[in-house]
Amino acid sequence: MAGPPPLSVVMPARNVEQWAQQAVRSILRQTFSDFELIILDDASEDGTRALLRRLAAEDARIRLFEKDARLGPVGSSNFVVEQARAPIVARMDADDVAAPERLARQMAALAERPDAVLVGVLAETIDDSGRRVRPASYAPLLHPTEMAPFPHTSIMFGKAAFERIGGYRAGAAKWEDVDLFLRMAEAGAVLVVPEPLMAVRQTGKSTRFADGQRDLHEAIGKMYDCLAAYRRGEDYAPLLTRDRRGGRLDPRVFLSGGSSSLWAGRRPGVLGPMLRTGRLRVRPRDAALLAWATAAEISPRALRLAMRNLLALRNRRARRRLGAAAIIEWRPQPAARRTASHKEVAD
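Start counting the sequence shown at 0; every next residue gets the next number (numbering that gives the first Met the number 0).
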């Protein structure tokens with residue numbers, strides 16, 4: 000009897016009937032083919048479940064699970080990883096598209112760096128029709144911050160490290176990926192393959208928006224509070240259980256929430272909420288955020304064009320500096336925290 004495969008690809012799915020077939024087929028057609036594909040239908044209300052059943056009947060590598068009561072983004076993400084039989088797990092969202100060599104390149108990166116616990120790839124942005132609306136961004140590879148330069152849908156990681164840090168945390172709902180990446184970076188090296196091997200679809204229908212825009216803004220506000228503590232070298236876990244509803248929000252919250260709508264071809268509509276509930280101060284950063292929200296309100300199309308042109312300029316500069324690097328390590332931690340965490344791993 001054959002043992003478990005070396006790789007499990009996990010895919011939570013909810014209400015993605017329009018895009019799931021393309022996402023699944025982009026995985027089934029990978030050049031690296033020795034994997035199982037674990038899909039969870041998280042109480043879909045459209046035709047997603049029937050579509051996934053048809054796809055599962057076509058390929059024995061697919062293991063389909065179905066839930067009639069919704070688990071949500073955190074619960075569904077933990078569930079699919081729990082079902083993985085392989086020591087290495089790759090994430091895939093059910094409305095995105097993977098380049099054929101994505102899995103092969105990531106497996107090779109992990110084989111080259113035994114100290115690595117996670118590897119991501121860069122991604123382009125597409126709209127609901129599959130049209131490319133934003134190229135991948137290379138500049139964050141040169142100036143690492145707490146925000147990873149790769150999307151959640153692109154990651155591959157060691158299951159043992161994932162379990163060791165406790166997986167996705169409910170207190171970080173709607174930014175559970177950011178929280179996971181930071182904790183994985185303390186467990187070992189986090190790598191980036193600096194090529195756009197994923198296409199991330201922006202539709203304005205993300206599960207992050209399922210509970211309403213205000214709830215999303217509150218969650219992202221908590222994220223920025225936690226990241227501020229992280230930069231100070233503090234453990235932000237106590238903040239995850241704190242109820243911060245009703246207070247003024249970091250104005251970056253509105254940019255974070257509005258960007259998805261902007262690249263989906265819609266007007267973000269964040270200027271009013273930013274003026275009413277944003278924690279605005281007289282400083283250049285907040286002025287720039289207000290300018291972005293105003294431009295998005297007046298002409299989203301013109302703003303998208305300006306941002307694409309600026310991104311193209313930054314990409315040309317960044318790619319010259321990056322040269323032919325095949326793998327880059329992302330190091331988000333403050334120096335003191337990084338030194339301590341690496342010592343703990345070594346011990």
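Do not rely on the hints blindly, as some may be mistaken.
What the hints assert, rightly or not - What follows is a set of in silico ranges between Cβ atoms, one per label pair, in the way DEER data are often shown:
| no. | residue 1 | residue 2 | range |
| --- | --- | --- | --- |
| 1 | T293 | A56 | 45 to 55 Å |
| 2 | G268 | L304 | 11 to 21 Å |
| 3 | R231 | A59 | 32 to 42 Å |
| 4 | T30 | A323 | 42 to 52 Å |
| 5 | S32 | Q82 | 37 to 47 Å |
| 6 | R284 | R315 | 21 to 31 Å |
Read the hints as simulated data drawn from the structure, not as lab findings.
Glycine included, every Cβ here is placed at the ideal spot set by N, Cα and C.
Starting from the hint list further up, note which numbers the structure goes against and sort them upward. Hint check: 3, 4 and 5 fail, others pass.
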